[in-house]
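Note that the protein sequences, when read in sequence, are chains A, R, W and H. Under the numbering used here, read the first sequence as residues 1091 to 1469, first letter to last. Under the numbering used here, read the second sequence as residues 1091 to 1469, first letter to last. Under the numbering used here, read the third sequence as residues 1091 to 1469, first letter to last. Under the numbering used here, read the fourth sequence as residues 1091 to 1469, first letter to last.
Source of the hints: derived by calculation from the structure; they are not laboratory data. Any given hint might turn out to be false.
Since copy identity is lost for identical chains, a pair holds within one copy or between any two.
Using 27 Å as the maximum straight-line C-alpha spacing, the simulated DSS-like pairs for lysine-lysine come out as follows [to be verified]:
1) Lys1093 / Lys1137
2) Lys1163 / Lys1140
3) Lys1216 / Lys1140
4) Lys1137 / Lys1162
5) Lys1458 / Lys1186
6) Lys1187 / Lys1163
7) Lys1272 / Lys1362
8) Lys1137 / Lys1425
9) Lys1458 / Lys1308
10) Lys1272 / Lys1379
11) Lys1093 / Lys1362
12) Lys1458 / Lys1280
13) Lys1425 / Lys1186
Number of protein chains: 4
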Amino acid sequence: MSKIRLGVLGGGGDSLIGVLHRVASNMYDRYEITGGVFNPNYEENIKFAKHIGVNTDRVYVDFDTFIEEEIKKPEGERIEVVSILTPNFLHFPMAKKLLENGFNVICEKPMTTSYAEAKELETLQKKHNAIFAVTYTYTGYPMVRHMKHMIAEGEIGAVQKVDIQYYQGWINPVIHDPEVRKTVWRLDPKKAGISSCIGDIGTHAFQMVEYLTGQEVKSVLADLNNLYEDNTLDIDGTILVRFSDTFKGVLRASQIATGEENNLTVAIYGTKGAYKWEQENPNFLYHLKDDEPRRVIKPGNAYVSDVAADGTKLPGGHPEGIFDAMGNIYKGVAKALRGETAFKGEFPTMHEGVRGMLFIEKVVESHKNGNIWQSMENE
Amino acid sequence: MSKIRLGVLGGGGDSLIGVLHRVASNMYDRYEITGGVFNPNYEENIKFAKHIGVNTDRVYVDFDTFIEEEIKKPEGERIEVVSILTPNFLHFPMAKKLLENGFNVICEKPMTTSYAEAKELETLQKKHNAIFAVTYTYTGYPMVRHMKHMIAEGEIGAVQKVDIQYYQGWINPVIHDPEVRKTVWRLDPKKAGISSCIGDIGTHAFQMVEYLTGQEVKSVLADLNNLYEDNTLDIDGTILVRFSDTFKGVLRASQIATGEENNLTVAIYGTKGAYKWEQENPNFLYHLKDDEPRRVIKPGNAYVSDVAADGTKLPGGHPEGIFDAMGNIYKGVAKALRGETAFKGEFPTMHEGVRGMLFIEKVVESHKNGNIWQSMENE
Amino acid sequence: MSKIRLGVLGGGGDSLIGVLHRVASNMYDRYEITGGVFNPNYEENIKFAKHIGVNTDRVYVDFDTFIEEEIKKPEGERIEVVSILTPNFLHFPMAKKLLENGFNVICEKPMTTSYAEAKELETLQKKHNAIFAVTYTYTGYPMVRHMKHMIAEGEIGAVQKVDIQYYQGWINPVIHDPEVRKTVWRLDPKKAGISSCIGDIGTHAFQMVEYLTGQEVKSVLADLNNLYEDNTLDIDGTILVRFSDTFKGVLRASQIATGEENNLTVAIYGTKGAYKWEQENPNFLYHLKDDEPRRVIKPGNAYVSDVAADGTKLPGGHPEGIFDAMGNIYKGVAKALRGETAFKGEFPTMHEGVRGMLFIEKVVESHKNGNIWQSMENE
Amino acid sequence: MSKIRLGVLGGGGDSLIGVLHRVASNMYDRYEITGGVFNPNYEENIKFAKHIGVNTDRVYVDFDTFIEEEIKKPEGERIEVVSILTPNFLHFPMAKKLLENGFNVICEKPMTTSYAEAKELETLQKKHNAIFAVTYTYTGYPMVRHMKHMIAEGEIGAVQKVDIQYYQGWINPVIHDPEVRKTVWRLDPKKAGISSCIGDIGTHAFQMVEYLTGQEVKSVLADLNNLYEDNTLDIDGTILVRFSDTFKGVLRASQIATGEENNLTVAIYGTKGAYKWEQENPNFLYHLKDDEPRRVIKPGNAYVSDVAADGTKLPGGHPEGIFDAMGNIYKGVAKALRGETAFKGEFPTMHEGVRGMLFIEKVVESHKNGNIWQSMENE
């Protein structure tokens, strides 16, 4: 079984996202970084390639050259899948050109900067029948996959309520001084798009909810907070969500939850039970039932579902983390690329990328229109 | 210092609320249960009085007789304050008559069945200059008082976001069968009023938020859930709250959060820090700050505020609970009755009772009107 | 049903132990404090009696007068049971005289200052057929009782290992300065007896282990720590315990576990499962099994054992604490006094007091003899 | 900067330890697996090499050939460091020959099967001035390194007590049946050496204690448990440890702690503060002080020490785990190999391997001799 030839765009130097993808792609011995453009500066690009041990022959001067040269190569040598780790506004043009040229894609989130772009990519992907993953990392955790699986199996009955939170506090130290907040790229609409908080982390929460329940949100009502008039982007928001007239929920996201680090917390309540999970303690999943002691599900144990077992490398009590979660997503993509049997939901797809962009737009619309319901159907 | 003469209405037999108030009133040796009407059945009433050691001379056949006989007594013998532990619909008429006859009142929540009744009581209370407590028990916890005090002191700066949850699952086992749910008194508008979930527990969350921040909610937008068409009362709801255009929050309450017991959870985020607290772990208060390790505040330690110290009987590591929280509320009322210096917020007042009733009405209105903002001002 | 006439020795003024016993005795409406000697100073004694609402006719000038006067009273009026809350060295003479005069006794721990005294009391108790409780408070927690019950039922199979810890840090701030440590009464052999740490808290751990397993420790091997040569009493110790050649365990106690408050932690491992519990989080009991998710048992739920249910006043999620634990011990004594059916282990008995004193002596002996095994049999 | 040429012995196929070392070695882009002997079966060996992308030219038929061929290569091509992941009894002969032939070594624990072997390796290592790491993985966690660093800095004053636990329950399901327990290799002295529990996990705890305190245990007193007479190796034990006459501690290890997974828990108490940490929640470090709220230290935050920051790849709230811990150990070895400046304790050394073997022998000796003190000095 030969390794999958992986190309990487961006992620050079000290890039955190670069490390995450590099380590993750390597975890199951399925990928080899064959080439890419790690850095816009060619000298840095080459230096970095050497540093990480990539043959510099296929480290290109820019993205266009990457495409140009790679498509010349015979199929058995050509890079098969490309990870896009560049700044957000480049995701769309790069993904578009990659799809047009027959590459499979692993794209960091947000997939694009607008819903229209996302739809365009979706059309292309279908046309080219490409494999396309959007790296919503948190769905790579084995306990998240276990939840999804058990919910699909009916373990908690019909889901009747969801409550999901994604709280960070990182913007608090830089938001209160008018001079300082001007300098934050996340708050610059030219760089960050129409939303800061919802666009960056609210989408994670949204994707998680649809991923876990296997159902689609039908409408949203949002109240966002910019905190200061001269700040034009949301840095906090609460979003009412409806799956149906009787299945509702709430999604809460914030960058001004002072002192919070990366507090993504999920609660899914069904007619027969519930699941609760916190990203900062990812190896503890709580299963609640009426009039029974709650159970603490942990990965690596014989009692977990096959999909959770498949995403865990060591026995119970050996904590794996976010690198391992991303590793599972890469593994899922590898299975797809090689046509292997996979569990449902082993990587977030184009569809999830499209839904995420629609969500951001509808949320901002709801808020701008005075906190009214916006449908997410018929788009 | 003579003990305060306490009358009790309701709470006889195996009543849980009866035990709670009885134990609590006794905790600081400030009260003596002098008389009351514990039970509508006179025989049971007397039997119960003997059981708990109350002189049967002042155990009355009914509430009217209670008033009639007690007001005949000289001031130094007359019952000074009366605890109302009867079914909800009796709170208003009893409180009204007690106030009219010069008694001070400790009233279980909800204080009344409507905002109009609440306002009427407020007018009476002011007229008679009575002490009136509404037993929102959770504000009796020392860590809650510490939070309130530290927030007032500016410890976390200006509050910029609140998030409060009150989740229970008790209605889940009885809601899904149409025959069974018909029999639940909480779901019968004649007995429970206009709301089940918000009326019962949402108000606790609301009171907690205003208590902790020392600020008033200006408007609310609610999405409630009845789950079934033939169920006319809410059993779940999410409520967006606004204190100002830039200070917002969310309040979540549910009786269908399957497997949850009494999960009241609070997060208050300010410009300089945050507090987080969970009722089921009441002796652990988390203090968060930007770029500092979070601190775990525990009662009974030398470092806590005076108000927290005053509400704790034993040294650190000796867990006190909900009986002790209620004991603190009784202690606060005792101080007020005896004109002693007290900390701010030692017992929830008439004002909080009134606000609670307004909240319920505005929430239900918001929902009925299509999830739109309802003002809580100028009422 | 008339209330039990309770006498109290000590516990006046701001005494913490006084509050604990007073509130506890009142919790189930079973006791009435009928008289006592709360304070060696008669004026204070009377003042305190008035404060807590006790008829001063039966508040005596001293212990001897208490006995003298009470035994004159007819049986239906005489105080039935006496709580001894005085300094440790008075426990023995008071308990002795009370037993000799036909009173039942509730005695704070340590029951005596030596094993010999303890044995003497035991003989007297048997002779007079008295009810005698030693208030090892922690066994009053419903989750502790549930553990004991389930272990007796065989839920975790044969117990094969126990590990119990009682860590405090309170002596750390006063131990390191030679002048300061001289002033600590706990470190004065004249006041504290032969041990500080083991005598004060190690015994709690020991009693807990025998209580939970229903088995007796056969031998001990101890290594104690005084930290400074001029400090003659232990302030820390680890004790190996053996129930049999193959059922062993360890008991750890410390007063120099800096920053610890009252960290009593229990783990009982059996062939089929295990229980873990922490006193500072008393409403969470963990039940472990091979290859099953661990369960979180909480009081107030329908699934708990009858003995746990009997010791819980409110539904799940309403945290009760240490006052409630002591209330359960008083309730157990009340059942015994009134000849009612009780669960096993509703209050710690004379036997447990005797065992505790033997434990202290054997531990100190083991340490002094060079950390060798000391038998606890045939005494 | 060229990558370090890494050889690997063992770890082929589905080997868990193989995955751990492979992923870890790759995490910081410092190593390239250049060759090795992954499997005793040559066909499997080659197949595996292809699978993980190693050039088969340097995949050797056996260990002797590995040495023979590699030493022929010029220095700039020769494998620089070799990871030994083979069964325990092979560690010594392989490490010995590697050292004799000038290789640096990364060796899984236990380093050898006896203290004598360990000393022999130590002599060789000194002679050849080789870098030698023993992969006590848990010291790779950033919070463990932070603890060590802060303790060395005097943050908690003089350490006065240590308490460390390593509890597993995996042997419980296989120990109680005489037929089944015969088949467990861990219980076969021929394969497992003189100890099961202490040898496998007790050493981890021992190394952790010396690592954190920076001090050496002077003597030990152990009580071990085999549970059954026909089982000749310990599966549980408690070990009293002494650093000095007044600095003592306890080390507890078990494989019959039913339901425990990999519960390594540390508490280090000093005159000015304490640290507590649990391996299964590795990103939460508790810092206790007298009369101050305890602090929760988490990696990835600006407030942590440089050594912790160096061992964390992502910002706060992005949980890293045991693979990342091992990655840090590999990183430490890389720094040493390349002569870079490193923090103290970036990888466990030969000295720690030697101490570990001595510990096992002294513990077993203490137990066999009747639970008496055994010196660990002057060896």
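> Where does the structure disagree with the numbered hints, that is, which hint numbers, in rising order?
Replying inline: 3, 5 and 11
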